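Novice: So for the sequence shown, the numbering used here puts the first residue at 158; every next one is plus one.
No lab work stands behind these hints, which were simulated from the structure alone.
This one's a predicted model, so the numbers in the text were calculated from it and none came from an experiment.
Watch out, some of these pointers could steer you wrong.
Listed next, the in silico DSS-like pairs over lysine-lysine satisfying Cα-Cα at most 25 Å (straight line) [as the list claims (entries may be wrong)]:
#1 LYS304 to LYS236
#2 LYS460 to LYS397
#3 LYS386 to LYS397
#4 LYS460 to LYS386
#5 LYS236 to LYS460
#6 LYS390 to LYS304
#7 LYS337 to LYS397
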Amino acid sequence: MLSPLNFSYSTTISLIILISFFSIFGSINQTFFRSVALIWNETFMLQYNVWNLVTGSLVETNAIRYVLSVVGVAFYGPKAENFIGSVYLAVYLLFVSLFCGVVTSVAIFVLYVITREEYLLSIEVHGSLGVIVLLMMASVKHNPSTKVANFGPFNRWNLRSVPMLLVVVSGLSYLTLQQKISPDFPFVCVSFYFSWAYLRFIHPIDAFIGFNDSNLTYGDITEDFQLEKFFPKHIQRLVKPLFDFSYNVALLMGFFKGRVNREKNEQLNDASSLLLTDGENSNYLKNKSKDPIVSRRRAKAMKLLDERFAELSAAEEGLWDEVGNDGIDAEEKKPDEIVNDINDDWGIELEEDNRKALT
Numbered sequence: 158m159l160s161p162l163n164f165s166y167s168t169t170i171s172l173i174i175l176i177s178f179f180s181i182f183g184s185i186n187q188t189f190f191r192s193v194a195l196i197w198n199e200t201f202m203l204q205y206n207v208w209n210l211v212t213g214s215l216v217e218t219n220a221i222r223y224v225l226s227v228v229g230v231a232f233y234g235p236k237a238e239n240f241i242g243s244v245y246l247a248v249y250l251l252f253v254s255l256f257c258g259v260v261t262s263v264a265i266f267v268l269y270v271i272t273r274e275e276y277l278l279s280i281e282v283h284g285s286l287g288v289i290v291l292l293m294m295a296s297v298k299h300n301p302s303t304k305v306a307n308f309g310p311f312n313r314w315n316l317r318s319v320p321m322l323l324v325v326v327s328g329l330s331y332l333t334l335q336q337k338i339s340p341d342f343p344f345v346c347v348s349f350y351f352s353w354a355y356l357r358f359i360h361p362i363d364a365f366i367g368f369n370d371s372n373l374t375y376g377d378i379t380e381d382f383q384l385e386k387f388f389p390k391h392i393q394r395l396v397k398p399l400f401d402f403s404y405n406v407a408l409l410m411g412f413f414k415g416r417v418n419r420e421k422n423e424q425l426n427d428a429s430s431l432l433l434t435d436g437e438n439s440n441y442l443k444n445k446s447k448d449p450i451v452s453r454r455r456a457k458a459m460k461l462l463d464e465r466f467a468e469l470s471a472a473e474e475g476l477w478d479e480v481g482n483d484g485i486d487a488e489e490k491k492p493d494e495i496v497n498d499i500n501d502d503w504g505i506e507l508e509e510d511n512r513k514a515l516t
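Whole structure, please, built from the sequences with the hints as guidance.
Specialist: Encoded structure:
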């Protein structure tokens with residue numbers, strides 16, 4: 158069944174109204190259409206309609222695409238709004254839509270500089286399929302195993318595979334039908350990545366605590382929301398090294414410093430939950446012993462625990478190394494020598510105290 162759409166979903170309703178407004182008037186009036194669709198000349202040279210960097214993602218001139226867009230927003234919008242809240246959904250929409258417009262504009266200009274084809278500056282880029290992709294991403298972030306829908310054959314399809322499928326289908330349509338069916342292919346590609354990047358690194362996951370930054374935790378560090386998880390399984394092992402390399406380069410450049418400690422703490426929590434098992438928990442792990450994800454997490458947790466124990470052991474040895482006398486380390490002294498030294502010191506102090514008391 159479709160998600161119930163009531164007036165409590167203010168951002169979703171506003172989004173449907175905006176898509177309807179821009180699509181209907183854009184289909185009727187060509188001048189209005191050119192002022193809201195992303196056309197490089199209209200945006201940066203002739204009219205300076207910079208707002209169409211955002212509004213281009215809200216314009217549909219094809220009736221079938223318009224109906225599908227409204228249905229998609231009505232279905233996935235309430236879910237996303239429940240998960241991240243109305244205000245943060247609006248910020249999320251604005252962020253991704255703006256990046257769709259900016260990145261697409263830069264790509265068009267670069268292609269024009271390389272090819273000198275003037276028609277590139279007049280390409281009309283518009284469509285709301287990118288908005289559907291970012292709403293799906295929000296649903297997947299909350300529940301990675303969520304299905305496309307809860308009825309019919311859709312109940313067997315994992316929603317996490319749909320965004321990449323939309324990118325592929327949109328790209329094939331764009332190449333074969335010359336933009337007639339998929340004029341928003343650039344938006345779909347950009348939305349696929351930047352919606353994931355926003356939820357992975359920027360979105361405050363404790364948004365309902367309040368607007369005090371000290372109470373907010375930004376981004377998502379779970380393995381289920383890694384970028385390679387959105388690719389088919391036989392491609393994941395090919396793209397994962399590239400994504401890991403890019404992330405490590407970002408760490409070397411000083412980005413995401415706080416995420417490293419969060420990831421270690423999360424792995425320690427996983428380790429404690431895996432090691433402290435009894436009853437129902439141990440039966441669960443026994444049943445999941447063949448699950449590669451569980452096995453990988455257990456291995457990482459055990460490795461992290463071993464590293465922590467090694468650090469604690471080294472620190473303890475360092476403290477004992479500092480305990481010594483006459484330049485001799487505590488490890489080099491015998492126990493009886495250490496005891497004799499302590500007893501001699503105590504005897505001298507007691508003798509001095511008694512002498513002072515008598516005089």
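Novice: Taking the hints in turn, state whether each one holds.
Specialist: Status of the hints after comparison with the structure:
1. LYS304 to LYS236: Distance of about 12 Å is within 25 Å: holds.
2. LYS460 to LYS397: holds, 21 Å
3. LYS386 to LYS397: holds, 9 Å
4. LYS460 to LYS386: At roughly 23 Å apart (the allowed maximum being 25 Å), LYS386 and LYS460 satisfy the hint.
5. LYS236 to LYS460: Given that 25 Å is the threshold and the Cα spacing comes to 37 Å, the pair is violated.
6. LYS390 to LYS304: holds, 17 Å
7. LYS337 to LYS397: At roughly 34 Å apart (the allowed maximum being 25 Å), LYS397 and LYS337 break the hint.
Hint compliance for this structure: hints 5, 7 are not met, and every other hint is.
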